[in-house]
Structures are given as C-alpha cells and as structure tokens.
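A.B. asks: From first to last, the protein sequence lines stand for chains C and W.
Counted from 1, the first sequence has number 201 at position 213 by our numbering; the numbering is strictly sequential.
Heads up, our numbering is the position in the second sequence plus 7, with the first residue counted as 1.
Hints are computed from structural coordinates only; laboratory data are not their basis.
Quantities reported herein were computed from a predicted structural model and do not represent experimental measurements.
Fair warning: there could be bad hints in the mix.
Simulated coverage check for chain W against chain C, where a stretch passes if three residues somewhere in it have a Cβ under 8 Å from a Cβ of chain C [said to hold, decoys possible]:
#1 25 to 35
#2 41 to 50
#3 62 to 76
#4 113 to 122
#5 126 to 135
Below, a sample of chain W positions facing chain C; criterion: calculated Cβ distance under 8 Å [as the list claims (entries may be wrong)]:
#6 Glu18
#7 Leu21
#8 Ala22
#9 Leu54
#10 Val145
The beta carbon of each residue, even a glycine, is placed where N, CA and C say it ideally should be.
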Amino acid sequence: MSTELEGLVTDSMRQYAEEVTIPVGLTGMAARARQRDRRRRAIRGAVTASTAAGAATGIAVAMLVSSAVPSRGAGTALKHSRHGGSSVATAHPHPIAVPASLTAAQFLNSAAAAMAHLTAVSPLSGQYVYSENVTPGSDWSKEWLSANGTEPGLMEDSTSLPPGYAFTEPPCTVAQAEVTGCYVAAGYLPSLPVHADAVLAYLAKLDLAAASPPYPDEPANWMANDLGKAVGQLMSTTYLLPAQQSAIFRLLARTPGFQIVRSADAPGGRPGVGIYWSYQGGGAMIILDPATYAFLGFGTWPAGSQPVLTGQNVTAPDGSALTAMATVNALPPHHSFSQTPTTLIRQVRQWAVRTHLHGTVIQDLTAYLRAVLHLSPAKIHMMLSKLSIAHHSSKAVGAHA
Amino acid sequence: LPDAEGGDELERLLADRGPQLLRTAVLLTGSQQDGEDLLQAALERLLRRRRKLEGSPEAYLRRVMYNLAADGWRRNGAWRRKLPLVRAGQAWDMPDVMAAIDLRDALVRTLHQLPPGQRAVIVLRYWEQLTEAEIADVLGCTDGTVKAAASRGLKRMRELAGPWLTAEANLAGPNPHGGQP
C-alpha cells in the first residue's frame, strides 16, 4: 500500500508540475534579483552608518511612526494598546537598569506577575486588529487581521508593494485551523488560555509550536526556538490580553534555553530587555520594555553570527519592532494585490480583450511595475503598448475609461 | 558564477533550467505566486554568495530553495520567513469542485498541508527522486531525520487523502469495469 501511495504521490507531483505556468519573462528574474541585491547592499550600508550615530535612533523611531501610521486605517476607530497607554510606543530617554544577577526566568516571572494585574478591553468580533512593525532597515509592514478570523485580512509592506496596495490574508478562524490546517488569521484569540500549563498545548494545536520534539534528533534548544518564534509572531500582530501575556511569560520562564540580555535595543532603537535564545548557530531575542514589560519587538541573527553576550548593549542585525497596535472598525481603502506581475499582466490582457479597460487597473499595474520592479516609465509604456492598451497608459493614469 | 553582476550567467541559467526550477518551487510552496517568489528569493541569495560560491550555481539554487522552504520561508516579513510555510492563499486557491474529486489533485493539496520540513523531504524524494542520504545532504540534516520526515509525511498524506484513496480503491477494486470512464 505504501509503495502504491508513493507511486501516486510521484505521479501527482509530475502532473501538477506539468501544469505550472512558465512565465515568458522568466529570465527577467535575474535582473530583478540584481536590482534588489544592489538595493540591499545600499540599505545595509546606511543602517551601519545610522547605528553608529547611536543616540539619534530614538528620534528616528518617532519619525517613522508619524510617517508610517496611515490616517485612514488606525485613525478611524477606538484605539487602545494592550497596556492601556498610547498605542504608539515612544523611546525611553533613561532606560531602567536591570540588576546583573537577574535571570531570564526571574525577569519573565516578574513580567507575568505585572501583567496578571492589568485589565484590557477585548476587540469585538466585527473589528480588526491593526499592527505595524518596522525593521532595522526602516522597512515596515502593516497588518489588519479580522478579530475572530472570519473576514479576510490585509497586509501592506514597504518592500514588496507600493503605498496603498495590500496583500489579502485569507480568512482562517481557530476552529478552521484545527480542522483544515490553515494559518490562523485572527487578530484576537479569546480561546488562548490564561494558564501557562495550557498555553503550550494551544500553540501546538495551531501548529505554532511543538509540544514534543518534532524529530528524535532535534537540536538542543528546539523548544526555546519554537516557543520564542511563536510568541514573537503572536505579539507582533495579535492582540493579547494581559492575562494571556502573563501565561505566555510564565511558560517562557519555565522553558530551558533562554538567557537575559539586560540591555537590548529593538530595531529602531527603543531600549529594552532581551530574552535571547540560540539555535543551530543563529540567535534571536524577544525584546520587552523593562518597566511595563510591553513587547517592543524581536531581533534575529542569521546562522553563523550569533552574538557574544558580554553584558554590553546588544542590537540584532535583523528583526522587527512593534510600533503600533490598535483595534479598528474597518479595513482601509486599498488595492488588493494577490498576483505577481506576470499573472497581473495576463489578467489585464484578458480584461482588455473582454471589456472596456478601467483606468484604475492601468494605474495599479503602472504603480506596481514602477515601485516593485523599478521599471522606467518608458519601459512600462512599452509593455503596455504590447498589450495594445498604450493609449490608456502613462497619459491616462488616474483617468477613467 | 564568476561575475553575476556584469555577465548574463543568471539569464542563461534561467533560460536553460528556469522552468524546472520554477516547477520545483511551485511544488514546494503550493502556488504559482509563492513559487515565483521562492525562486526569486533563492536568486537573490545566490547573488549575495556569488563570491564565495563553489560548484554549480544550479545546485546551489536548488539547495537554497529547499532549505528556505524547509525552514519555513514566507513571502513577507523578517519574522514570517522563519515561520512554517503556511499555505498562503490556500483557502482561496481551492480548485473547483470537479477538480477536488480528483485523487491526484487531492494528494498535491495534502502535500501543502504538511509542515514545511516534511514537505521538502517528500518533494525531494518523489519529485527529485533523491535517496535519503542525498536528501540529508541537501537539507543538512541526518538520514534519520529524513527517514522520519518522509514516513510521517506519507502517513499524514494518506490520512488527509483518505476519502479519495478509498474512492480510488473502490473504483479499481472488485468491479473490474469500475475504473473505466
């Protein structure tokens, strides 16, 4: 039976692979890769320079926040943070000194105890949880998740899409995730337990962390890695009640493999305390505010570059910082983008043949080609000409057919 | 790859091997879009490593794609790249009802419900037809890990595709004409 299944699996994959559309401009991916590589190197240089400036990073965060928070999204609704304060965190001029003898478990238990006393308002089922994260390279992402996961969510990010465009997140509730294995797209998880004992089982049920080693020869620290990643992901985009955060901190406190980093800067420069773990030559940390225990972000080190923790301030080369979280009543207006340029062009061609072409479609396409593929206006014009829609193109951007 | 920046080597590689690489990427990710993104990400890695690269660029690309996929590569965000590949668009990319009753289609869909590591192993084993030792080499893990992942992956696929497998068995079973259209 197993051999029979293996044969079927092989046949299925071959058949499926045969049906893959090979884009005409496949070799164009090389140019795009080069372009991104050049941009990455330029950004990397800039980041190194700005990190050296040190004290200025706090100001940089404030500017990022004011320019990145969309007035249309977060502004339209009642807005509250997890901790009852402003939803946009600001830099602390005088970070609190953490005692040298404090362990990760002690810090996490203090965080758990502090969180246990807080109360918060729960999002309503029709609302969305808006979150905004920035990276060390000043890239940002914004996410709107339907509070209970029944509605499609949205994701915008500065690296893959022009402003105003968004990827759609397919809806997936906790119940659906358990049955179909879809990826939970709920901004609020009322079913997330408030007791540490039950949290791990819950995360395992949703495939966010494993309750036992996935493989017999799993490397050391697998559990810290699994849990750390799950918690970082949850806190970056999900609205967690203080009691839920308390349970999560207690669970982390009793999980072996975490070390405290007494002075860790979140991407953007906010000072915090890191809960660090290493895994297979790399490292990562969750960064918490030393006074309020609010989640500030996380930092990661790629394999082969884990930091030496000497008690000095630590800044990770990669990661992201949570700069805003709020509940909102509706999604912002957006252009949904779930296709690659190739499929988009194909779609535009079909539309162009079938119907009167709408001005906004051309606008979408032009903006995408310019912002994402970095094509020149002349090149875009040429591409659109090939689609026999030249007369609608650059001149007609914004016009209505 | 002496100088990917200036030369056309990447273009030549893509013209020659691109379709096959893309097919692999689509199998690994479960959608055309994510497959193209995965291949694109692997090309960027290749450029980053071009000066240190030894051996065939294609082999490197392939290795990167599998490792990114097994490592839980995703389209967006520094953190998400490290998370399990999560079937982006799965709910909306569902084939129509007619296609869904096809066993092969069902099997490929179950493939994309496996955890990323198991999926990478299954694709390497049954699409690339590599041995367990070769797979272990590509993914940088032990033979035992590969064996366990392959066996769990197949078991899970069998569970998930159960109704279709039963239907197929019934069609091919007692009634000799049952399987004929």
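A.B. asks: Evaluate each hint against the coordinates.
C.D. replies: Outcome of the hint check:
1. Closer than 8 Å: that is the beta-carbon criterion, and the region 25 to 35 of chain W has 7 residues meeting it against chain C, so the requirement of 3 holds.
2. A stretch counts as covered by a chain when three or more of its residues have a beta carbon under 8 Å from one of that chain; for the region 41 to 50 of chain W and chain C the count is 6, and the coverage holds.
3. Closer than 8 Å: that is the beta-carbon criterion, and the region 62 to 76 of chain W has 0 residues meeting it against chain C, so the requirement of 3 is violated.
4. Interface restraint, the region 113 to 122 of chain W with chain C: holds (5 residues with C-beta to C-beta distance below 8 Å; minimum three).
5. Closer than 8 Å: that is the beta-carbon criterion, and the region 126 to 135 of chain W has 4 residues meeting it against chain C, so the requirement of 3 holds.
6. Taking 8 Å as the C-beta cut-off, the interface hint given for Glu18(W) holds, the closest approach to chain C being about 4 Å.
7. The beta carbon of Leu21(W) comes within 4 Å of a beta carbon in chain C, closer than 8 Å, and the hint placing it at the interface holds.
8. For Ala22(W), the interface hint holds, since its Cβ comes within 8 Å of a Cβ in chain C; the closest pair sits about 5 Å apart.
9. Against a cut-off of 8 Å between C-beta atoms, the interface hint on Leu54(W) holds, since the closest Cβ of chain C lies about 4 Å away.
10. Interface restraint check: Val145(W) against chain C, minimum CB-CB distance 16 Å, threshold 8 Å, status violated.
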